[in-house]
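Residue numbers (my numbering), protein chains in the order written: chain A, 12 to 337; chain B, 1050 to 1314.
It is worth saying that the hints were derived from the structure and are not from the lab. Do not rely on the hints blindly, as some may be mistaken.
[Stated by the list, open to error] Below 27 Å or equal to it, Euclidean Cα-Cα: the simulated DSSO-like pairs (lysine-lysine) are:
#, chain 1, residue 1, chain 2, residue 2
1, A, Lys-164, B, Lys-1055
2, A, Lys-151, B, Lys-1133
3, B, Lys-1097, B, Lys-1133
[Said to hold, decoys possible] Restraint-style ranges between C-beta atoms, simulated for each label pair:
#, chain 1, residue 1, chain 2, residue 2, range
4, B, Tyr-1068, A, Lys-260, 39 to 45 Å
5, B, Met-1167, A, Val-50, 46 to 52 Å
6, B, Tyr-1230, A, Ala-129, 45 to 51 Å
We treat Cβ as the ideally placed atom computed from N, Cα and C, and that holds for glycine.
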Amino acid sequence: MSLNSIIVEQLSKTYQVPEREAGFSAAVRSFFKRKYKDVKAVQEVNFTIAQGEIVGFLGPNGAGKTTTLKMLSGLLHPTGGKASVLGFTPWELKPEYLRSMTLVMGQRNRLSWDIPAADSFLLNQAIYRIPDDEYKQTYKELNELLELDPLMKKPVRNLSLGERMKCEIAAGLLHRPKVLFLDEPTIGLDITGQVRIREFLREYNRRTGATILLTSHYMADVTALCERIIIIHQGQLKYDGGITDLSHKIAPFKLIGVMLADADSHDLSGYGTEVQNEEDADKRYIQVKAEDVTRITSKLLADLPVHDITITDPPIEDVIEQAFNS
Amino acid sequence: MFQIIKRLWQVNWAEQWQYRANLLMYLLYWLVSPIIYLAVWTSIANQKGSVNGFTANDFTTYYMLLLICDQVTSNIVIHSFGYKIQDGTLSGELIRPIHPMLTNGLVNNIAFKTLTFMGLIPIWIILYFLFKPDFSGVSITGILLAIPVMLLAFITGYLLSATITSLAFWTTRVYSIHEFYFAILLLFSGQFVPLTLMPKIIQDIAQYLPFQLFMYYPIQVILGKLSTEKIIQGYVSAGIWLVVAITLFNWVWRNGVKRYSAVGA
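Based on the sequences and whatever the hints tell you, model everything.
So, in structure tokens, the structure goes:
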């Protein structure tokens, strides 16, 4: 077997969306002749993901992240290209494939709303043919990491958002999938909840060697979990590589922060572009090209009454923002 | 597979219990029309002595049995599944390694029917003491002959409704299509009136449709009113319709899922 869990070649998806102008006459016209517009959600995307990798899948709303995840989990037929996950073509929906992957998407998916999660868990045990002792072992591990016990007996509808998400994720992992597709696994959770899910995913990956592809709006999810990220924008792949390389490639800038005596009286425009940094109001920050850092730092030190100086990478959010716009 | 069905049953049974008040309302709603037909026809027959050979007791026994046959052979798949296709909740079920409609959907319907059946029993007993039907025509043989055909009719009816429900993959108007189907079903199944009282043309058409198998045919079998030849005909018809329903459902479902996954799951 190849070491690549996921192979995606020229994968494309075009939706046909009916469209009409607002208003009565447009409504009547569209009744007789509907106009369709092609929406290219994903355009000829290529990537491979090795077994055991955790990859962050980033992009603004409507970039094509969820569409790609749906194609890889088998829910969507692509309009072009190929994909292979664990050697299966996902959209053939072969039971062996469905038993070896999971898709966690939103909060209402695997759990039945009206009954306690414990019942849905047992149903999943049967559906995925999990032997009793393996089920107990997996549940024990999940319980250690997610503290599920107190939640199991309440009807799912009575759980809080965070509790439900924990149960959803656990329900999706009972069959120990080899590939995990997670669409916004921490959405709606508070900071503690987010951290816990993150730690859990890292630990699950370490213990089982599973491959994880996740999307998130919370950059912290991605920086904490993924060494590699894939950025997609308007259906096209914009970046695929290490998270640390990203800033070098896309935004080869550094931030120089200086604390000055009588801070506001100096004009810094000659050194670089001044940027706002709300977290650290004592310092003033300028953005400079990476290769100019040494030169400008020594100039600042020579010219101005500097009390303190720091050199940092720009925040990853800003870099990705720039990647989207490039 | 047995284990899956068992767990599906536990989940669906528990779920249906959550909606027991709802179910009772549904049961009462569903009981209204057969009980009205029963009351109307028996009072007409009482005045005239009989209607086309049907005495008041014939009507009473017919509708009392219809309540049971209809309960066994009917299904609610359009209501329990249609919305899942339309609002996308189907996605979660589609990526499980079992067939959503033929496992979960089916078990859900059976759980629903079992619970409503429990509600029907006391109502049926009350009706029995109100109308005091004479069931002397009913034999054990008749009952034993009717049970398999009712089960076949349930599966066939489920698959036909499931086929129509699956049209939701293409159209949002699936509920009106199902209403139309249901009207045809009522007409040809013998719910309005026993089929022998219908115009000849309706009776002739009914012979070629599966709907009489849901009510009219099993009732007549239980009442011992059919010749051996007619009973065999009914079983053959049930077998043929089952095959037709399986084929139809498979085809529509497969293409529906393809379409679902083409437009945006």
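A quick look at each hint next to the structure:
Between A:Lys-164 and B:Lys-1055 the CA atoms are separated by roughly 20 Å; this keeps the pair inside 27 Å, and the hint holds. For a cut-off of 27 Å, the pair hint linking A:Lys-151 to B:Lys-1133 is broken: about 33 Å separates their Cα positions. In summary, the hint linking B:Lys-1097 to B:Lys-1133 is not supported, as the alpha carbons are separated by about 51 Å, beyond the 27 Å threshold. Taking the beta carbon of each, B:Tyr-1068 and A:Lys-260 are about 56 Å apart, not inside 39 to 45 Å as hinted.
About 50 Å separates the C-beta atoms of B:Met-1167 and A:Val-50, a value consistent with the hinted range of 46 to 52 Å. Checked against the hint of 45 to 51 Å, the pair B:Tyr-1230 and A:Ala-129 fails, with Cβ atoms roughly 39 Å apart.
Hint check: violations occur at hints 2, 3, 4 and 6; the rest are consistent with the structure.
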